[in-house]
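Letter by letter, the chains look like this.
There are 10 protein chains.
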Amino acid sequence: MATTPKILSTLPNVFTSLHEAKIKSKLTFAQLGEAIGRNEWYTTAIFYGQARPDKSDVEKLSAALGLQQGFLEEAFGEDFFPLRGLGEFPPQDPVLYRLYEVIVVYGYPLKHMINEKFGDGIMSAIDFEGDVEKVKGSQGEDRVKITLNGKFLPYRRW
Amino acid sequence: MATTPKILSTLPNVFTSLHEAKIKSKLTFAQLGEAIGRNEWYTTAIFYGQARPDKSDVEKLSAALGLQQGFLEEAFGEDFFPLRGLGEFPPQDPVLYRLYEVIVVYGYPLKHMINEKFGDGIMSAIDFEGDVEKVKGSQGEDRVKITLNGKFLPYRRW
Amino acid sequence: MATTPKILSTLPNVFTSLHEAKIKSKLTFAQLGEAIGRNEWYTTAIFYGQARPDKSDVEKLSAALGLQQGFLEEAFGEDFFPLRGLGEFPPQDPVLYRLYEVIVVYGYPLKHMINEKFGDGIMSAIDFEGDVEKVKGSQGEDRVKITLNGKFLPYRRW
Amino acid sequence: MATTPKILSTLPNVFTSLHEAKIKSKLTFAQLGEAIGRNEWYTTAIFYGQARPDKSDVEKLSAALGLQQGFLEEAFGEDFFPLRGLGEFPPQDPVLYRLYEVIVVYGYPLKHMINEKFGDGIMSAIDFEGDVEKVKGSQGEDRVKITLNGKFLPYRRW
Amino acid sequence: MATTPKILSTLPNVFTSLHEAKIKSKLTFAQLGEAIGRNEWYTTAIFYGQARPDKSDVEKLSAALGLQQGFLEEAFGEDFFPLRGLGEFPPQDPVLYRLYEVIVVYGYPLKHMINEKFGDGIMSAIDFEGDVEKVKGSQGEDRVKITLNGKFLPYRRW
Amino acid sequence: MATTPKILSTLPNVFTSLHEAKIKSKLTFAQLGEAIGRNEWYTTAIFYGQARPDKSDVEKLSAALGLQQGFLEEAFGEDFFPLRGLGEFPPQDPVLYRLYEVIVVYGYPLKHMINEKFGDGIMSAIDFEGDVEKVKGSQGEDRVKITLNGKFLPYRRW
Amino acid sequence: MATTPKILSTLPNVFTSLHEAKIKSKLTFAQLGEAIGRNEWYTTAIFYGQARPDKSDVEKLSAALGLQQGFLEEAFGEDFFPLRGLGEFPPQDPVLYRLYEVIVVYGYPLKHMINEKFGDGIMSAIDFEGDVEKVKGSQGEDRVKITLNGKFLPYRRW
Amino acid sequence: MATTPKILSTLPNVFTSLHEAKIKSKLTFAQLGEAIGRNEWYTTAIFYGQARPDKSDVEKLSAALGLQQGFLEEAFGEDFFPLRGLGEFPPQDPVLYRLYEVIVVYGYPLKHMINEKFGDGIMSAIDFEGDVEKVKGSQGEDRVKITLNGKFLPYRRW
Amino acid sequence: MATTPKILSTLPNVFTSLHEAKIKSKLTFAQLGEAIGRNEWYTTAIFYGQARPDKSDVEKLSAALGLQQGFLEEAFGEDFFPLRGLGEFPPQDPVLYRLYEVIVVYGYPLKHMINEKFGDGIMSAIDFEGDVEKVKGSQGEDRVKITLNGKFLPYRRW
Amino acid sequence: MATTPKILSTLPNVFTSLHEAKIKSKLTFAQLGEAIGRNEWYTTAIFYGQARPDKSDVEKLSAALGLQQGFLEEAFGEDFFPLRGLGEFPPQDPVLYRLYEVIVVYGYPLKHMINEKFGDGIMSAIDFEGDVEKVKGSQGEDRVKITLNGKFLPYRRW
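Protein chains in written order, with full-length UniProt numbering: chain A, 1 to 158; chain B, 1 to 158; chain C, 1 to 158; chain D, 1 to 158; chain E, 1 to 158; chain F, 1 to 158; chain G, 1 to 158; chain H, 1 to 158; chain I, 1 to 158; chain J, 1 to 158.
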């Protein structure tokens with residue numbers, strides 16, 4: 001189906017099936033997130049093999065999408081650990097590139113602010129959560145608001 | 001001075017002078033931002049040649065840092081237009097890498113959410129603002145909260 | 001069919017079908033563009049998965065190409081969002097390379113002119129339209145005239 | 001001077017001097033182009049070492065910028081032939097990247113249109129001219145209009 | 001068949017068929033070139049999808065190779081435009097590498113001689129023809145003599 | 001001097017001096033070649049550090065350019081062995097790129113013709129000579145004719 | 001001094017001074033580590049700008065190396081935050097390459113073991129410590145024993 | 001099966017079968033290591049084609065996994081020699097990247113310590129063994145402890 | 001069969017068949033070399049498509065491996081010319097990497113010695129032969145002795 | 001001095017001084033090797049910073065080259081450990097490239113022969129020695145004979 005994102009061909013087939021089931025269900029990621037009690041971003045990440053749902057997430061997801069029992073359970077069993085990272089970098093798609101551009105342009109200023117505010121350390125990308133919101137700007141325009149929220153991890157002295 | 005970030009050597013000398021003046025002033029980027037009436041991130045971006053302050057920003061910055069009149073005015077004159085982008089990618093520094101990793105891991109899910117919420121288009125990296133905050137997590141831990149806020153730009157049909 | 005461009009093998013099958021239908025129809029992109037009320041360039045971009053036709057475009061395209069009802073409608077449904085970007089860079093094909101060469105040679109001069117005329121900002125590649133025309137030069141020679149037309153987006157100060 | 005574009009450091013010193021003289025003269029590229037009887041784009045290309053002015057261009061440019069006689073004449077003598085191409089690709093600067101993105105996204109459609117309209121051949125990047133204009137869009141917005149105009153060169157059969 | 005060059009797997013199947021037919025026919029490229037009234041190099045380029053034979057070339061080639069009528073005609077129809085460029089660079093195969101090495105070692109001297117003899121411009125790779133000959137050296141040794149012959153294209157001033 | 005090719009900055013200073021002496025002498029490479037009894041291409045290669053003149057070449061070159069005795073003799077002494085190869089690949093300069101493009105497009109056909117005519121082996125880039133000529137085409141146009149002439153080296157079976 | 005590692009030229013001068021002082025002092029990293037109460041590895045990392053010593057470390061290091069008071073204090077002031085990462089990858093030096101090879105060969109098995117033992121998460125490179133020891137093998141041979149010890153960071157579900 | 005690591009698709013099918021048998025057996029690598037009398041890391045490396053089990057290892061592994069006799073014996077016969085190295089570098093998966101980051105950040109310090117302790121030479125990655133342990137940190141936190149243990153190989157003087 | 005080297009999948013199928021026949025025959029490359037009257041290295045190169053056996057080699061190889069008449073004859077017919085070069089560089093496999101490392105570390109010294117001993121020229125990789133031997137070192141250890149033997153080709157002056 | 005190899009500019013100055021002293025002394029590497037009792041290759045490697053001479057080597061080298069006492073002693077002191085690896089890969093210089101080509105073409109056959117003769121393991125590039133000889137071929141031609149001789153290191157099972 002042309003509507004299935006091309007990048008899925010680099011992932012196991014179960015992810016294509018997941019997307020097809022979602023398209024058929026006409027549910028959004030936000031609705032699916034509610035159905036399984038997880039954040040929208042996290043839920044979307046499951047659909048791209050970038051997060052590891054627990055057993056209960058999988059059951060609720062199966063129910064929400066009307067999938068046959070056992071189908072997701074087998075794919076996301078105890079032995080499933082995501083191999084994270086998708087596509088090539090720098091990305092060619094303009095949506096992805098703009099996110100990348102923010103880091104290319106503002107990476108060093110961000111490092112400096114983090115160091116100045118927190119000391120020597122990093123923002124974790126593991127103990128991490130995020131959000132995508134649709135907000136209105138001062139001119140009434142639609143704006144994409146993305147929040148990254150990661151634990152500060154100070155460098156250990158030893 | 002060892003405390004001047006190494007990346008500055010790839011920029012004109014005025015940026016090294018700016019950083020040295022800031023170190024001497026003992027002001028933080030947040031304090032400098034307040035002094036010139038700009039956001040902290042934006043102010044930091046000026047220090048790395050990634051933003052273009054207007055005339056009034058430059059005057060206030062000179063004042064706040066106790067710089068000789070005319071010094072910044074000349075460097076950030078009408079003819080100054082930043083050549084944006086710093087360093088090589090993928091970055092080796094762990095602070096920068098974690099930001100990059102967020103895009104590598106969550107880029108496709110973010111694209112999908114943006115498309116689902118907004119339609120066919122992108123988050124602008126030009127009509128863009130951002131914030132870095134120090135917040136507390138539910139375990140009392142320090143967390144880095146980064147907000148990206150860009151105008152949604154729909155693809156034009158023509 | 002050898003006449004189907006090789007790059008299509010990196011796109012979903014529907015795009016190969018589209019090209020085959022066009023070849024059979026003996027219609028040019030300009031004629032197809034007229035048939036659907038879109039610019040020739042934009043119409044061609046649809047055939048390479050680089051633009052997202054709306055519902056009415058799809059219906060008219062199906063009609064113009066004599067495609068079975070529902071075939072394109074399913075492929076270009078609500079869930080279809082192009083993953084833009086095709087092929088590897090720098091390109092080896094001489095037609096593509098000459099376009100690339102224009103940027104390699106004249107990129108910095110273009111940036112300087114845009115900044116001088118408009119201030120700090122960019123030409124949008126999203127709120128963008130373009131044209132390809134066949135014109136005559138002063139020696140009577142055929143010339144390719146390509147017009148890029150993008151909204152100027154000023155950098156936001158915040 | 002910070003206002004001199006960073007990329008000039010990869011070119012012979014005469015180009016930095018040219019830019020400094022232009023800044024001092026407060027003339028735009030369009031005005032300089034008029035002064036020497038050349039297109040604005042072409043004039044800008046001279047300032048970046050991407051075009052080769054003839055003797056008369058050099059004399060008029062010297063006059064317009066109030067440069068000492070002989071200074072440019074020596075630099076752009078008979079032995080000067082530009083080594084064209086500037087910077088690294090893909091570019092990180094957003095202005096340059098948007099131009100590059102147009103090729104990444106629309107390159108194959110452009111090739112197809114050129115082939116369909118002209119047959120087997122290319123648009124020359126040598127017998128080439130271009131223009132940058134500031135135009136108004138239908139919403140009254142500023143738009144960057146870039147025109148590429150190159151001779152069509154058919155592949156020779158032999 | 002092991003004797004079919006490996007690179008053909010990156011081209012449409014018709015090119016493999018062409019090579020197989022040639023092997024069966026025991027004709028050389030030089031003989032095939034004579035049969036269709038084209039240069040040997042040009043004829044070989046057709047076999048690698050790097051040139052676009054016209055209708056008459058295709059008919060004569062079909063005849064010379066004893067191919068079924070319509071087979072080549074369909075593949076090299078009006079809609080066929082080569083996507084030129086083959087393999088990865090730098091090449092690993094020693095025959096290809098030596099050609100590449102000539103450019104790596106003598107590229108700048110060649111540019112200087114062309115500029116000195118012709119002025120500012122290039123040798124066209126489009127209005128181009130070439131030859132490969134087997135000649136004897138002064139020691140009686142076999143030598144490969146390759147001739148490149150391209151129109152000189154002066155840079156346009158505008 | 002701006003007229004000295006930029007690439008020379010990657011070579012020892014003697015090569016810049018050589019070019020400056022040539023510019024002052026107003027001799028062409030062809031004339032210098034005659035003066036030292038070497039081919040024009042070979043003579044040019046000496047100026048770019050890509051060939052190793054013998055003692056007699058050096059003496060004649062010193063004389064032709066009016067250089068102080070001993071200057072070249074020391075630089076091109078017995079201990080001088082060129083480190084061949086100049087610049088980065090793929091090249092950005094259009095003159096260099098067209099030469100490169102010939103290999104990118106016609107490399108495999110050339111390999112096939114060489115193998116068919118000579119058997120398993122290569123054209124040497126060491127026991128090699130070449131020529132650049134200015135010739136007239138059938139339309140009276142200037143054409144660049146480059147001849148590559150290398151010994152055929154058959155693969156040894158052992 | 002030839003004995004100063006070449007990579008230091010990419011770091012601020014203070015690091016060269018540090019190494020020169022160490023060479024003069026004839027102290028090993030292990031001895032210096034003891035002197036400042038830090039692990040040998042950590043101490044070495046300070047010498048390469050890969051760790052951020054605190055105020056007390058700096059004072060003790062100055063004392064141990066007999067450095068002038070204030071010299072290190074200024075370089076490692078509050079404003080110093082390491083830009084981590086050194087050299088190019090893959091590394092050419094065989095000592096560095098062997099470490100890299102261990103990851104190239106055993107990376108996936110290590111990921112699998114970590115996932116199997118700990119669940120979905122990573123070994124932190126921030127809350128990290130390490131050791132290098134000289135041990136004897138069963139044949140009496142010297143062996144390098146390197147211990148990596150990082151906090152396990154489980155992926156957060158949100 | 002989604003639970004089979006994606007990287008296995010680049011290895012012969014026998015490795016996928018091995019992983020499937022392991023999943024079905026519910027044995028851990030540590031348990032399998034015990035069953036065949038090998039270290040856990042070494043055992044895992046066999047599953048990824050990065051180590052070469054001997055005949056007795058293969059027999060015990062077949063038994064532990066309940067595999068049909070002869071199945072592994074054929075795959076790991078006398079002619080099997082691993083082609084070592086997996087995936088692309090730098091790795092995108094965060095578990096792999098953190099291991100890589102340790103080398104990027106601490107590579108030069110490690111080289112210096114090894115040279116200082118052992119003299120001029122390397123840690124072998126061939127006469128090598130390693131271990132992964134789950135240990136408790138001083139705060140009670142889980143920590144990943146990885147030990148690399150390679151023979152020191154002094155450079156030979158000759 | 002897992003024992004067939006993975007790299008063969010990038011070559012025509014006949015090479016996999018060759019390896020399978022060799023495994024079945026239990027003959028070593030040295031024995032096969034003797035059977036066909038060729039050096040062991042050369043014989044191995046045939047198995048990897050890196051050398052071109054003549055008609056008699058092919059007949060003897062068929063006999064030695066008990067292959068059906070005509071099978072190899074067709075694959076290695078007159079039209080077969082190896083496309084040389086295998087795998088990606090730098091190589092990840094440690095056996096291949098060590099060979100590569102010898103060039104990375106000792107390349108410039110080797111160039112200097114060759115130039116000093118022979119003058120300006122190269123060691124041919126075409127008129128080339130080599131050997132691999134198992135020898136004993138002074139400590140009784142096994143050593144790999146690889147001999148490269150190529151004709152010296154002096155640069156031609158012309 | 002032009003005769004000093006260009007690559008030396010990437011090494012500490014002492015190596016340039018060494019080469020200049022050698023040129024002045026008119027001694028060959030072979031003669032210098034004899035003078036210090038080391039192999040010619042090893043001696044050359046010292047001149048390129050790729051080997052670490054011991055104290056006695058350094059003294060003898062100083063004597064042979066007539067260098068001031070202490071000059072080399074300081075540079076090659078106890079703290080000197082070579083950072084091995086020179087230049088970029090793949091190399092452009094034809095002498096270096098031919099060595100590289102041997103690995104590109106014959107790497108896999110060499111791996112197979114080594115594995116077949118020795119089992120699972122590698123040829124060490126550390127416990128390694130080599131030789132370059134000038135020999136005569138069967139046609140009386142000069143041939144370069146390079147011998148690589150490294151200890152076989154079997155993979156350890158653990």
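Hints were generated in silico from the structure; no laboratory data involved.
A couple of the hints might just be wrong.
[Unchecked claim] With a straight-line Cα cutoff of 27 Å, these simulated DSSO-like cross-link-like pairs (lysine-lysine) come out:
{"no.": "1", "chain 1": "D", "residue 1": "K26", "chain 2": "D", "residue 2": "K55"}
{"no.": "2", "chain 1": "A", "residue 1": "K55", "chain 2": "A", "residue 2": "K24"}
{"no.": "3", "chain 1": "G", "residue 1": "K136", "chain 2": "I", "residue 2": "K136"}
{"no.": "4", "chain 1": "G", "residue 1": "K6", "chain 2": "B", "residue 2": "K26"}
{"no.": "5", "chain 1": "H", "residue 1": "K117", "chain 2": "G", "residue 2": "K117"}
{"no.": "6", "chain 1": "E", "residue 1": "K117", "chain 2": "D", "residue 2": "K55"}
{"no.": "7", "chain 1": "H", "residue 1": "K24", "chain 2": "A", "residue 2": "K55"}
{"no.": "8", "chain 1": "I", "residue 1": "K145", "chain 2": "J", "residue 2": "K26"}
{"no.": "9", "chain 1": "J", "residue 1": "K136", "chain 2": "J", "residue 2": "K26"}
{"no.": "10", "chain 1": "I", "residue 1": "K60", "chain 2": "H", "residue 2": "K55"}
{"no.": "11", "chain 1": "H", "residue 1": "K55", "chain 2": "J", "residue 2": "K136"}
{"no.": "12", "chain 1": "H", "residue 1": "K6", "chain 2": "H", "residue 2": "K117"}
{"no.": "13", "chain 1": "I", "residue 1": "K6", "chain 2": "I", "residue 2": "K24"}
{"no.": "14", "chain 1": "F", "residue 1": "K117", "chain 2": "D", "residue 2": "K55"}
{"no.": "15", "chain 1": "B", "residue 1": "K145", "chain 2": "B", "residue 2": "K6"}
{"no.": "16", "chain 1": "A", "residue 1": "K117", "chain 2": "B", "residue 2": "K6"}
{"no.": "17", "chain 1": "A", "residue 1": "K136", "chain 2": "D", "residue 2": "K136"}
{"no.": "18", "chain 1": "E", "residue 1": "K136", "chain 2": "F", "residue 2": "K117"}
{"no.": "19", "chain 1": "A", "residue 1": "K145", "chain 2": "A", "residue 2": "K6"}
{"no.": "20", "chain 1": "E", "residue 1": "K6", "chain 2": "E", "residue 2": "K136"}
{"no.": "21", "chain 1": "H", "residue 1": "K134", "chain 2": "H", "residue 2": "K26"}
{"no.": "22", "chain 1": "C", "residue 1": "K6", "chain 2": "C", "residue 2": "K26"}
{"no.": "23", "chain 1": "B", "residue 1": "K117", "chain 2": "B", "residue 2": "K26"}
{"no.": "24", "chain 1": "D", "residue 1": "K6", "chain 2": "B", "residue 2": "K55"}
{"no.": "25", "chain 1": "I", "residue 1": "K60", "chain 2": "I", "residue 2": "K26"}
{"no.": "26", "chain 1": "D", "residue 1": "K24", "chain 2": "D", "residue 2": "K60"}
{"no.": "27", "chain 1": "B", "residue 1": "K26", "chain 2": "B", "residue 2": "K134"}
{"no.": "28", "chain 1": "B", "residue 1": "K117", "chain 2": "A", "residue 2": "K136"}
{"no.": "29", "chain 1": "B", "residue 1": "K6", "chain 2": "G", "residue 2": "K136"}
{"no.": "30", "chain 1": "H", "residue 1": "K117", "chain 2": "G", "residue 2": "K24"}
{"no.": "31", "chain 1": "A", "residue 1": "K117", "chain 2": "A", "residue 2": "K26"}
{"no.": "32", "chain 1": "J", "residue 1": "K26", "chain 2": "I", "residue 2": "K26"}
Going through the hints against the structure:
1. D:K26 x D:K55: Status holds; Cα separation ~24 Å.
2. A:K55 x A:K24: 23 Å, holds
3. G:K136 x I:K136: Holds, at about 26 Å.
4. G:K6 x B:K26: 34 Å, violated
5. H:K117 x G:K117: 33 Å, violated
6. E:K117 x D:K55: 18 Å, holds
7. H:K24 x A:K55: 18 Å, holds
8. I:K145 x J:K26: 32 Å, violated
9. J:K136 x J:K26: Holds, at about 26 Å.
10. I:K60 x H:K55: 33 Å, violated
11. H:K55 x J:K136: 47 Å, violated
12. H:K6 x H:K117: 41 Å, violated
13. I:K6 x I:K24: Measuring from Cα to Cα gives roughly 18 Å; hence the hint holds.
14. F:K117 x D:K55: Violated: K117 (chain F) and K55 (chain D) sit about 50 Å apart, past 27 Å.
15. B:K145 x B:K6: Holds, because 26 Å separates the two Cα atoms, which is no more than 27 Å.
16. A:K117 x B:K6: With Cα atoms ~20 Å apart, K117 (chain A) and K6 (chain B) stay inside 27 Å; holds.
17. A:K136 x D:K136: Holds, at about 26 Å.
18. E:K136 x F:K117: Judged against 27 Å, a Cα distance of about 13 Å means the pair holds.
19. A:K145 x A:K6: Measuring from Cα to Cα gives roughly 26 Å; hence the hint holds.
20. E:K6 x E:K136: 31 Å, violated
21. H:K134 x H:K26: Given that 27 Å is the threshold and the Cα spacing comes to 20 Å, the pair holds.
22. C:K6 x C:K26: Holds, because 20 Å separates the two Cα atoms, which is no more than 27 Å.
23. B:K117 x B:K26: 44 Å, violated
24. D:K6 x B:K55: 21 Å, holds
25. I:K60 x I:K26: 16 Å, holds
26. D:K24 x D:K60: 17 Å, holds
27. B:K26 x B:K134: 20 Å, holds
28. B:K117 x A:K136: Measuring from Cα to Cα gives roughly 13 Å; hence the hint holds.
29. B:K6 x G:K136: Violated - the C-alpha atoms of K136 (chain G) and K6 (chain B) are around 41 Å apart, more than 27 Å.
30. H:K117 x G:K24: Measuring from Cα to Cα gives roughly 18 Å; hence the hint holds.
31. A:K117 x A:K26: 44 Å, violated
32. J:K26 x I:K26: Violated. K26 (chain J) to K26 (chain I) sits at ~56 Å, over the 27 Å cutoff.
Checked against the numbered hints above, the structure breaks hints 4, 5, 8, 10, 11, 12, 14, 20, 23, 29, 31, 32 and satisfies the rest.
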